[in-house]
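K.L.:
Going down the list, the sequences are from chains Y and R. Reminder that position 211 of the first sequence reads as 211 in this note's numbering, one-by-one numbering, no gaps. Reminder that position 134 of the second sequence reads as 134 in this note's numbering, one-by-one numbering, no gaps.
No lab work stands behind these hints, which were simulated from the structure alone. A portion of the hints provided could be inaccurate.
With a cut-off of at most 25 Å between alpha-carbon atoms, the simulated SDA-like pairs for lysine to any residue come out as follows [said to hold, decoys possible]: (1) Y:K279 x Y:E398; (2) R:K163 x Y:G74; (3) R:K163 x Y:E284; (4) R:K161 x Y:E398; (5) R:K161 x Y:K279; (6) R:K161 x Y:E86; (7) R:K163 x Y:E398; (8) R:K161 x R:L103; (9) R:K161 x R:D139; (10) R:K161 x Y:A83; (11) R:K161 x R:S5; (12) R:K163 x Y:E47; (13) R:K163 x Y:K279; (14) R:K163 x Y:A58.
Incomplete in silico selection of chain R near chain Y, CB under 10 Å [as the list claims (entries may be wrong)]: (15) T2; (16) T6; (17) R9; (18) L124; (19) K157.
For every residue, glycine included, the Cβ atom is placed at its ideal position computed from N, Cα and C.
Listed here are the chains, written in short residue letters.
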Amino acid sequence: MTGKTLAEKLLSAKAGEDVRAGDYIEAQVDVAMAHDITGPLAFQTFEEVTGGEGDLFAPGRTILTIDHHAPADGVQAANNHNAIREFAAEHGAHQYDVGDGICHQVLIEEGHVAPGDLVIGADSHSTTYGGIGAFGTGVGSSDLGTALATGELWFRVPETLRFVVEGDLPEGVYAKDLILRFIGDVGFAGCTYMAAEYVGSTVESLPVHQRLVLTNMAIEMGGKTGLVPADDRVARFLEAETGQAVELPAPEDRRSDDDAEFASVHEYRAEELAPQVSKPSNPENAVDVGEVAGTDVDQLFVGTCTNGRYEDISLVASVLEGETLASGTRMVVVPASGSVYRKLLATGEMATLVDAGAVVQAAGCGPCAGYHQGVLGDGDVCLATANRNFPGREGSMESSVYLASPATVAVSALYGEITDPREYDGLPRFDDHALAEVEA
Amino acid sequence: MTDPSTPARAWVFGDDVDTDQIAPSRFIVSSDPEELAEHAFNDLRPEFAAEVEAGEFVVAGTNFGSGSSREQAPLALAGAGVAGIVAQSFARIFFRNCINLGLPVLICPEVGNVSDGDEISMDLDAGLVENHTTGEQYDAEPLPPFLQELVDVGGLKAYTKAKLAADRE
Numbered sequence: 001m002t003g004k005t006l007a008e009k010l011l012s013a014k015a016g017e018d019v020r021a022g023d024y025i026e027a028q029v030d031v032a033m034a035h036d037i038t039g040p041l042a043f044q045t046f047e048e049v050t051g052g053e054g055d056l057f058a059p060g061r062t063i064l065t066i067d068h069h070a071p072a073d074g075v076q077a078a079n080n081h082n083a084i085r086e087f088a089a090e091h092g093a094h095q096y097d098v099g100d101g102i103c104h105q106v107l108i109e110e111g112h113v114a115p116g117d118l119v120i121g122a123d124s125h126s127t128t129y130g131g132i133g134a135f136g137t138g139v140g141s142s143d144l145g146t147a148l149a150t151g152e153l154w155f156r157v158p159e160t161l162r163f164v165v166e167g168d169l170p171e172g173v174y175a176k177d178l179i180l181r182f183i184g185d186v187g188f189a190g191c192t193y194m195a196a197e198y199v200g201s202t203v204e205s206l207p208v209h210q211r212l213v214l215t216n217m218a219i220e221m222g223g224k225t226g227l228v229p230a231d232d233r234v235a236r237f238l239e240a241e242t243g244q245a246v247e248l249p250a251p252e253d254r255r256s257d258d259d260a261e262f263a264s265v266h267e268y269r270a271e272e273l274a275p276q277v278s279k280p281s282n283p284e285n286a287v288d289v290g291e292v293a294g295t296d297v298d299q300l301f302v303g304t305c306t307n308g309r310y311e312d313i314s315l316v317a318s319v320l321e322g323e324t325l326a327s328g329t330r331m332v333v334v335p336a337s338g339s340v341y342r343k344l345l346a347t348g349e350m351a352t353l354v355d356a357g358a359v360v361q362a363a364g365c366g367p368c369a370g371y372h373q374g375v376l377g378d379g380d381v382c383l384a385t386a387n388r389n390f391p392g393r394e395g396s397m398e399s400s401v402y403l404a405s406p407a408t409v410a411v412s413a414l415y416g417e418i419t420d421p422r423e424y425d426g427l428p429r430f431d432d433h434a435l436a437e438v439e440a
Numbered sequence: 001m002t003d004p005s006t007p008a009r010a011w012v013f014g015d016d017v018d019t020d021q022i023a024p025s026r027f028i029v030s031s032d033p034e035e036l037a038e039h040a041f042n043d044l045r046p047e048f049a050a051e052v053e054a055g056e057f058v059v060a061g062t063n064f065g066s067g068s069s070r071e072q073a074p075l076a077l078a079g080a081g082v083a084g085i086v087a088q089s090f091a092r093i094f095f096r097n098c099i100n101l102g103l104p105v106l107i108c109p110e111v112g113n114v115s116d117g118d119e120i121s122m123d124l125d126a127g128l129v130e131n132h133t134t135g136e137q138y139d140a141e142p143l144p145p146f147l148q149e150l151v152d153v154g155g156l157k158a159y160t161k162a163k164l165a166a167d168r169e
């Protein structure tokens, strides 16, 4: 018998038996999350399966957020928000409101997810939780609604597609560039039904917020989950963020066995990587930034569950300090959470962004899926730190969205065209803000 | 749900049709299947919502339903009365949502031979798609036994209700 992958180990623990890729299992869920788009439909399912008189499997581990249309952009959105509030009040679920931020960011910041947990979220980017060593996966509202009642859900144990990156990332190259390259190499559907696992010395050296970028976008290659093995850095990060002690699973339960079987293994040297940009209208259209440098940009969008964290926006502020946006461009900045927003206010970085000409919105998903405030018109070109650039996603079918790292977006904002961030001297290297505060 | 063994028109789509294109996000504040159906494929095939009739089929290339977890996407197609979806491959969450909703789905690599407007039918038990316009038959992948069981008991909600009832006893 060969060894087990991390995905097999995490699911074995929750199934209470030794499970292998390809098995269909029922597993115990630790945390269940829904937001204002997917919650109301999940509540209908919950009421239906419980006959209107059931309890949540664990109110303290049921997390409801209001982030997609926040603040409400219409009556129906406002009514959905009220449905979230009423359900939370009636059943005792944890509820976050307008301005608290994007579900994935809030769940991690507030300590709702721990390494080793099985997290289901009615949002496809629930793969994000793998950045702290949890098994996070996106599900639909029926899945979520039934799991709220039983605390269990069926899963097919996934095969694992492994990405190994060794060496030091060059200046101007970040986790976002890594993941865009991975998606470009395996394709938009290259990891469908599988777990994406990211390992190697480069990944080990990444701060936690950068690891979350890798796992967040596992879904952009079809992944069921994205996983980075948890380590002491994750424990220290979570303790710094939440003030709570974190217990890591045993070392052998945090990573794949050396003799585990992988669907495929993709190896990279960090030094050989350039900043990446995904061209419209699919994340898999990743190219070295040089191939699209010079493309005129109308809107720059900094935010989302991929790259709306303090470190991301702080980097953009450092580039824009004392500068103004290139003529003819506009910038929308949306902090991923209220906590990120407050940090940016406290440091003065928010003022820097506004002085440079950026428009700042309440923490949440913002225009990422074309909901409100920042929607693109016919012919508009947007360069975004987001995870998706599907046709018409951020507005008009005649608009186009390019995806890049915060550094590429920031430097491009100075020139009004897609610009290689390596042309800018002194880009900050990422570190964990929360850790830096504690360890200073 | 309409019977997928009755021949009806196939609406053919290409590869990588994502949930934003099936149920555009600006319309998905609703959870009502019929309201959602009014906007199905709004940008990709604007005539779909007005012209689709109950019992017709959606046929697609690879990776159908990629993107968001929003169940509003398959719900919009169910609301439009779509009898079933046949694709060369599906995105994971979308596939799961269809099973959970009881919307028949088949993975069928040869379905690329279906032209828009062909009359097709699905034989779920045999795992077959029949093209009545060309006379061709295409083999589909059978559902894994666990999923077949889930479909047989009436979908995830029925399955969960039975489980909860058993737990109470």
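K.L.:
Run every hint past the structure and note whether it holds.
P.N.:
Hints versus structure:
{"no.": "1", "hint": "Y:K279 x Y:E398", "result": "holds (14 Å)"}
{"no.": "2", "hint": "R:K163 x Y:G74", "result": "violated (39 Å)"}
{"no.": "3", "hint": "R:K163 x Y:E284", "result": "violated (41 Å)"}
{"no.": "4", "hint": "R:K161 x Y:E398", "result": "violated (46 Å)"}
{"no.": "5", "hint": "R:K161 x Y:K279", "result": "violated (46 Å)"}
{"no.": "6", "hint": "R:K161 x Y:E86", "result": "holds (23 Å)"}
{"no.": "7", "hint": "R:K163 x Y:E398", "result": "violated (48 Å)"}
{"no.": "8", "hint": "R:K161 x R:L103", "result": "holds (19 Å)"}
{"no.": "9", "hint": "R:K161 x R:D139", "result": "violated (33 Å)"}
{"no.": "10", "hint": "R:K161 x Y:A83", "result": "holds (23 Å)"}
{"no.": "11", "hint": "R:K161 x R:S5", "result": "violated (28 Å)"}
{"no.": "12", "hint": "R:K163 x Y:E47", "result": "holds (15 Å)"}
{"no.": "13", "hint": "R:K163 x Y:K279", "result": "violated (47 Å)"}
{"no.": "14", "hint": "R:K163 x Y:A58", "result": "holds (17 Å)"}
{"no.": "15", "hint": "T2", "result": "violated (20 Å)"}
{"no.": "16", "hint": "T6", "result": "violated (26 Å)"}
{"no.": "17", "hint": "R9", "result": "violated (25 Å)"}
{"no.": "18", "hint": "L124", "result": "violated (19 Å)"}
{"no.": "19", "hint": "K157", "result": "holds (5 Å)"}
The earlier numbered hints that this structure contradicts are 2, 3, 4, 5, 7, 9, 11, 13, 15, 16, 17 and 18.
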